[in-house]
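Dock chain B against chain A, hints included.
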Amino acid sequence: MKTNPLKKVSQKIKNFRLTRGVFAWPYVLFLTVFVVLPLVIILVNAFLADGKLSFANFIALAKDGASIKVLINSIFIGAVTTILCLAIGYPVAYTLANMKTGSIIVILFLLPMWVNFLVRTLAARAVFEALSIPLGEGTVLFGMVYNYIPFMILPLHTTLTNIDKSFGEAAADLGADRVTVFLKVTLPLSVPGIISGIIMVFIPTISTFAISQLLGGVHLFGDSIHEKFIHGLYGVGSVMSLIMLAFVLLSNMLLKKFNKGEAKASIW
Amino acid sequence: MKKSLILILVFAFVLSGAVMIAGGQDIAQAEAADDGKLYVMNWGDYIAPDTVANFEAWYKAKTGEDIKVIYTTQDTNEMMFTQVEKSGETIDLVCPSEYTIEKMLKAGMLKKIDKAKISTIDNVDPAFYTKVESGFGTLTINGQEVNMKDYFVPYMWGTLGVLYNSDVITQEEAEGAGYGLLWNTIEKKELKRKILLKDSVRDTYAAGLLYLKEQGKLPEKYNSYSVEKLINTVDAELLDAVEEALIEQKKDLKEYEVDQGKGDMVKGAAYVNLAWSGDALYAMEEALENDVNLDFFVPAVGGNIWFDGWVIPTTCQNEKAALAFIEYNCLPEVAIANAIEIGYTCGINPEVLKANENVKAALYEAEYDVDEYFSDIVRYPDMTDVTLGMMHDFGDDQVAVMAMWERVKATKTSATLWIVLGSVAGVVVIGVALFFIIKNKKGSKGRVVVEGPAEDKKEDDTFDVEV
Numbered sequence: 001m002k003t004n005p006l007k008k009v010s011q012k013i014k015n016f017r018l019t020r021g022v023f024a025w026p027y028v029l030f031l032t033v034f035v036v037l038p039l040v041i042i043l044v045n046a047f048l049a050d051g052k053l054s055f056a057n058f059i060a061l062a063k064d065g066a067s068i069k070v071l072i073n074s075i076f077i078g079a080v081t082t083i084l085c086l087a088i089g090y091p092v093a094y095t096l097a098n099m100k101t102g103s104i105i106v107i108l109f110l111l112p113m114w115v116n117f118l119v120r121t122l123a124a125r126a127v128f129e130a131l132s133i134p135l136g137e138g139t140v141l142f143g144m145v146y147n148y149i150p151f152m153i154l155p156l157h158t159t160l161t162n163i164d165k166s167f168g169e170a171a172a173d174l175g176a177d178r179v180t181v182f183l184k185v186t187l188p189l190s191v192p193g194i195i196s197g198i199i200m201v202f203i204p205t206i207s208t209f210a211i212s213q214l215l216g217g218v219h220l221f222g223d224s225i226h227e228k229f230i231h232g233l234y235g236v237g238s239v240m241s242l243i244m245l246a247f248v249l250l251s252n253m254l255l256k257k258f259n260k261g262e263a264k265a266s267i268w
Numbered sequence: 001m002k003k004s005l006i007l008i009l010v011f012a013f014v015l016s017g018a019v020m021i022a023g024g025q026d027i028a029q030a031e032a033a034d035d036g037k038l039y040v041m042n043w044g045d046y047i048a049p050d051t052v053a054n055f056e057a058w059y060k061a062k063t064g065e066d067i068k069v070i071y072t073t074q075d076t077n078e079m080m081f082t083q084v085e086k087s088g089e090t091i092d093l094v095c096p097s098e099y100t101i102e103k104m105l106k107a108g109m110l111k112k113i114d115k116a117k118i119s120t121i122d123n124v125d126p127a128f129y130t131k132v133e134s135g136f137g138t139l140t141i142n143g144q145e146v147n148m149k150d151y152f153v154p155y156m157w158g159t160l161g162v163l164y165n166s167d168v169i170t171q172e173e174a175e176g177a178g179y180g181l182l183w184n185t186i187e188k189k190e191l192k193r194k195i196l197l198k199d200s201v202r203d204t205y206a207a208g209l210l211y212l213k214e215q216g217k218l219p220e221k222y223n224s225y226s227v228e229k230l231i232n233t234v235d236a237e238l239l240d241a242v243e244e245a246l247i248e249q250k251k252d253l254k255e256y257e258v259d260q261g262k263g264d265m266v267k268g269a270a271y272v273n274l275a276w277s278g279d280a281l282y283a284m285e286e287a288l289e290n291d292v293n294l295d296f297f298v299p300a301v302g303g304n305i306w307f308d309g310w311v312i313p314t315t316c317q318n319e320k321a322a323l324a325f326i327e328y329n330c331l332p333e334v335a336i337a338n339a340i341e342i343g344y345t346c347g348i349n350p351e352v353l354k355a356n357e358n359v360k361a362a363l364y365e366a367e368y369d370v371d372e373y374f375s376d377i378v379r380y381p382d383m384t385d386v387t388l389g390m391m392h393d394f395g396d397d398q399v400a401v402m403a404m405w406e407r408v409k410a411t412k413t414s415a416t417l418w419i420v421l422g423s424v425a426g427v428v429v430i431g432v433a434l435f436f437i438i439k440n441k442k443g444s445k446g447r448v449v450v451e452g453p454a455e456d457k458k459e460d461d462t463f464d465v466e467v
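Line order of the protein sequences matches chains A and B. Note that the first sequence covers residues 1 to 268 in our numbering. Note that the second sequence covers residues 1 to 467 in our numbering.
The shape of chain A in the complex, shown without the other chains:
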């Protein structure tokens, strides 16, 4: 503790070795500049009104009421999208995991992901128009599920293929029928996959903005933030971003906690 800090630094330089950790520095730098710094700017902006530190932005947001409504709406749409992705994705992943050619078919599911999401969404819009399907909430949900379902299928497929088949066979030997095997063995063992699928889908969907606008003008929280920023209301926009961030972190933490408990149980 008593050593001179300058000496410490020079010692550090002397002791410099090209270790594996060194190769992580460019990324750490990138992270600082493009993730940490913008977050701090948002934090500062949230408390800055007319050049002074204040809570004015929070009060303005609480007063207008519309944004809270939009937030609840987005959470609802995000939840519906996630449920739909899970409901559609799980049977697909389950079937593919039991097929020999499953991993090849999974690539087919991933193929659309290599096309930019904006192009995909505009294409979906053109298809709806050609079929004269009116744009609305239904089409927005379609667009969201279409865009995010690969993120659900992938972790599910990985988890399901990694489940040791002998567990199921053992259960069957002990007299369980197929439904019981699925409910008591496969489903509990695939919970980590379900959780990561939910994280990968739910969290991005609540902040979606372009898809909702292009496919039927449903106004989501992401759209609301976007609108605040283009109208120069940086303070309120930053507060909303913070809320979003807090929400993302919170749901992430909750899901992780839930996952941990399950993972421990699934060791047996």
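Treat the hints as calculated values from the structure; they're not laboratory data. A couple of the hints might just be wrong.
Mimicking DSBU-like on lysine-lysine, the simulated pairs with C-alpha atoms at most 30 angstroms apart in a straight line are [stated by the list, open to error]: (1) B:K62 x A:K63; (2) A:K184 x A:K100; (3) A:K69 x B:K192; (4) B:K37 x B:K86; (5) B:K198 x A:K69; (6) B:K251 x B:K60; (7) B:K188 x B:K198; (8) B:K229 x B:K112; (9) B:K112 x B:K37; (10) A:K63 x B:K250; (11) A:K69 x A:K100; (12) B:K229 x A:K63; (13) B:K251 x B:K267; (14) B:K149 x B:K37; (15) B:K217 x A:K63; (16) B:K149 x A:K69; (17) A:K63 x A:K52; (18) B:K320 x B:K149; (19) B:K37 x B:K106; (20) A:K52 x B:K106; (21) B:K217 x B:K188; (22) A:K63 x B:K354; (23) B:K106 x B:K229; (24) B:K60 x B:K106; (25) B:K60 x A:K52; (26) A:K69 x B:K250; (27) B:K60 x B:K354; (28) B:K221 x B:K267; (29) B:K250 x B:K198; (30) A:K52 x B:K111; (31) B:K68 x B:K86; (32) A:K69 x B:K217; (33) B:K117 x B:K221; (34) A:K63 x B:K198; (35) B:K112 x A:K63; (36) B:K106 x A:K63; (37) B:K320 x B:K115; (38) B:K112 x B:K62.
All of these numbers come straight from a predicted model, not from anything done at the bench.
Relative to the frame of chain A, chain B by itself:
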């Protein structure tokens, strides 16, 4: 201990950086602007493609100096305002709309334009300045009386009105309905979900107010207001009334369009839209190629007249070149080239344009009839018409108007969502049930046949692992 110290240091560094940027102390500003450069900020697709290059050559010929124009574009007035506010020293000339000019002026961001140094200034239509003077009057800024007309030179202008498909809607129906066409007051089945509105709060607010006025649904005390006063009034009563009207409009709405509206109208995918005259003229020409006929009108009850003008920020580093750029754009042949390219109406006096041979030649080349071009009421509406009002800066009321607009957009028909969700859940449950029923049946029937080879295979696998 050491780690946390480093973390704190990193955090402090990042924080100081953030405060610097948030405070507008952009490091880039430290660079002194070069004399040979002119930073121009304009709207996207708002100038003829060769105007900038031609200006550089013209400037060289006129002054003997080299100039490099750095031309950037923005999509919204608010972005222009913020850009000028935050990084002013890299913007010498900018082209916002009238209400943003007012806002910039109030914020003390604008320099008086030295019109004596612009030789072509007399080409500008004087009606503009009369209109601006009657609309905005004199503003008091920092105890000084200023006249907004001294701070801008108009570039393009037009009106806000209703664009409709004249194959589906007759002119009598449209003009009889006025703004009501956007609300489908004529109750035409074809218009169901074929009506667009701009996702632009100022324009929809104005349209909502004018619709209420047209329908006689405005609260009593506002009936005596002029159009200009009405579209610039923001209070709780009007906000509620407009909110209700806009929510009512949603039943026939296709969507709130951002920039796909022109395309939808041209393709015949939508039949009615709230549009700016320039966009409307452009769409009408494009639509002819698709055998779609479009028409545009400003309803009789009144409308919004707007303009975009060149202004010079106080932080301008190259005023000489900025004035020259304005001067160049006020040349009749340059102004008409820009106007033909983008479809909007330039701010040059039509009499001056008509008298210029180059202008006539350019119009002829673009396949316009000169007399028709200038007599088109869509392109050249009567600027002195009192039912055409200019929009002013909403100031602090902007937040309330935006909140109203968000409430309108967030109002949804939840029922469809629940139906979709319920039916999908039902299908999934039935599907899963069927899957297991079929699998169980198959399993019991073919137990011996299926399991034999499967077990063989398993043994092979274990063998492989052991090897």
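**Item:** Violations among the numbered hints, reported as their numbers in ascending order
**Value:** Hints 1, 6, 11, 16, 22, 24, 25, 28, 33, 35 are the ones this structure does not satisfy, whereas the remaining hints hold.
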